[in-house]
Amino acid sequence: MEFTDSQTERYSRHIILQDVGVEGQIKISEGKVLIVGAGGLGAPVALYLAAAGVGTIGIIDGDVVDLTNLQRQVIHFTPDVNKAKVLSAKEKIAQLNPEVKVIAYQELLSTYNIFDIIKEYDIVVDGTDNFPTKFLINDACVLAQKPFSHGGILRFEGQTFTYTPGNACYRCVFDSPPPPNVVPTCSQAGVLGSIAGMLGTIQATEVLKFLVNKGELLTNRILTFNALSMDFRTIRFGKNTNCPICGEHPSITGLQTYELPACDLKH
Amino acid sequence: MVTKQLDITKEHCPMTFVKTKIELSRLQPGDLLEVLLTEGEPLENVPRSATEQGFRVLEIIHVKDDIHKITIEK
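Going down the list, the sequences are from chains U and Y.
Residues 7 to 273, numbered by this note's numbering, are exactly what the first sequence covers, in order.
Residues -1 to 72, numbered by this note's numbering, are exactly what the second sequence covers, in order.
The shape of chain Y in the complex, shown without the other chains:
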């Protein structure tokens, strides 16, 4: 099992989820992707879109300031 990191704190909708999906496409089922993202639109939409499309969001933790880390299982 692999765990990869992705930083989308500089991205805007829809590229936040686009980059997340591209990174997920490189993983195998069961692998984990840790995504750093900012509050607001990315934190609201990326976990929701990932769940809608059949991925599991395992945890969302506050890192610092407006940055959060979500862990997605493929």
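Isolated chain U, as found in the complex:
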């Protein structure tokens, strides 16, 4: 693949980097990334990956833009209220970098569609706001041996790790989802808007490292931060031999359906 003059200019800051260079930028251009959720996390992930020149970005989200989203979901603007989030995101990406192919799925990710959708991509980004979908992404990606970046934010805190086949998965640490409504969602507990950017940009960085195959991914460790104290920690965790999905004797061999909290269905 040869870059045009405008591509050379657009990606010049990547090409200069020793660990990206021409070869890395080609890998980014050939990359296919699925973003689940065009919300607080999905917004910065989509914008940075589009800016970086990721060749194909899939975005799945069944919601429309709500006024309450705009405090943190920076890919959506005020005139987008009531527009489908995937359409709003697709329009912004087209303006930022028309070379990126965007595939928009205006639907909920579910046990019915997840395998068909993720098989088209190199890596999946979890930008969801609920435990049932986080476990669904984990389980489908482990069963399909598909890398993914986990992310979650609440109030002033965020956490993220990266799964690649053979390494620890979400269920190695968290056995099963908490009962509905035990852990408050962002709409109940609140979230500082800018921490969506803090965590989402870490996820976007992991995706780019994965695509160019450089550095050390956040595998077998969880990065957490508290923005009030501005403390960042990485907690190491190994693959759990008793993990119900990736352990030695898995009890989960197919996808489970967990109940979505009632308030999540409307937002």
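Bear in mind the hints are in silico, worked out from the structure with no lab data behind them.
Fair warning: this is a prediction, and the values are worked out from it, not measured in the lab.
It is possible that some hints are incorrect.
Calculated cross-link-like contacts (lysine to any residue; reagent style SDA-like; alpha-carbon spacing at most 20 Å) [what the hints assert, rightly or not]:
no.: 1; chain 1: Y; residue 1: K67; chain 2: Y; residue 2: T49
no.: 2; chain 1: Y; residue 1: K72; chain 2: U; residue 2: L23
no.: 3; chain 1: Y; residue 1: K2; chain 2: U; residue 2: F9
no.: 4; chain 1: Y; residue 1: K8; chain 2: U; residue 2: D11
If the Cβ cut is set under 10 Å, some of the chain Y residues that face chain U in the computed set are [as the list claims (entries may be wrong)]:
no.: 5; residue: P12
no.: 6; residue: M13
no.: 7; residue: F15
no.: 8; residue: V16
no.: 9; residue: K19
no.: 10; residue: L22
no.: 11; residue: S23
no.: 12; residue: R24
no.: 13; residue: S47
no.: 14; residue: E50
no.: 15; residue: Q51
no.: 16; residue: G52
no.: 17; residue: V55
no.: 18; residue: K62
For each residue, glycine too, the CB sits at the ideal point set by N, CA and C.
Add chain Y to chain U, keeping to what the hints say.
Same frame as chain U, but now just chain Y:
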């Protein structure tokens, strides 16, 4: 072994090194790239960046006026 030429006398930072890297990416290890560049920023930065990124700068010779030629081995 191949020797290629590249003229970046009309380019400015960072495109000087960007064009150099793109040309180097088309070469095989051991191939040579002769780069024509001007004094000042390009002559200071391109050889330094190339060395930092693991390429060998074999020679820098003055061509004429403010133009120099550097030879880089991939």
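Hint-by-hint comparison with the structure:
{"no.": "1", "hint": "K67(Y) x T49(Y)", "result": "holds, 16 Å"}
{"no.": "2", "hint": "K72(Y) x L23(U)", "result": "holds, 16 Å"}
{"no.": "3", "hint": "K2(Y) x F9(U)", "result": "holds, 18 Å"}
{"no.": "4", "hint": "K8(Y) x D11(U)", "result": "holds, 14 Å"}
{"no.": "5", "hint": "P12", "result": "holds, 5 Å"}
{"no.": "6", "hint": "M13", "result": "holds, 6 Å"}
{"no.": "7", "hint": "F15", "result": "holds, 6 Å"}
{"no.": "8", "hint": "V16", "result": "holds, 4 Å"}
{"no.": "9", "hint": "K19", "result": "holds, 6 Å"}
{"no.": "10", "hint": "L22", "result": "holds, 8 Å"}
{"no.": "11", "hint": "S23", "result": "holds, 4 Å"}
{"no.": "12", "hint": "R24", "result": "holds, 8 Å"}
{"no.": "13", "hint": "S47", "result": "holds, 7 Å"}
{"no.": "14", "hint": "E50", "result": "holds, 7 Å"}
{"no.": "15", "hint": "Q51", "result": "holds, 5 Å"}
{"no.": "16", "hint": "G52", "result": "holds, 7 Å"}
{"no.": "17", "hint": "V55", "result": "violated, 16 Å"}
{"no.": "18", "hint": "K62", "result": "violated, 27 Å"}
Consistency note: the structure conflicts with the earlier hints numbered 17 and 18.
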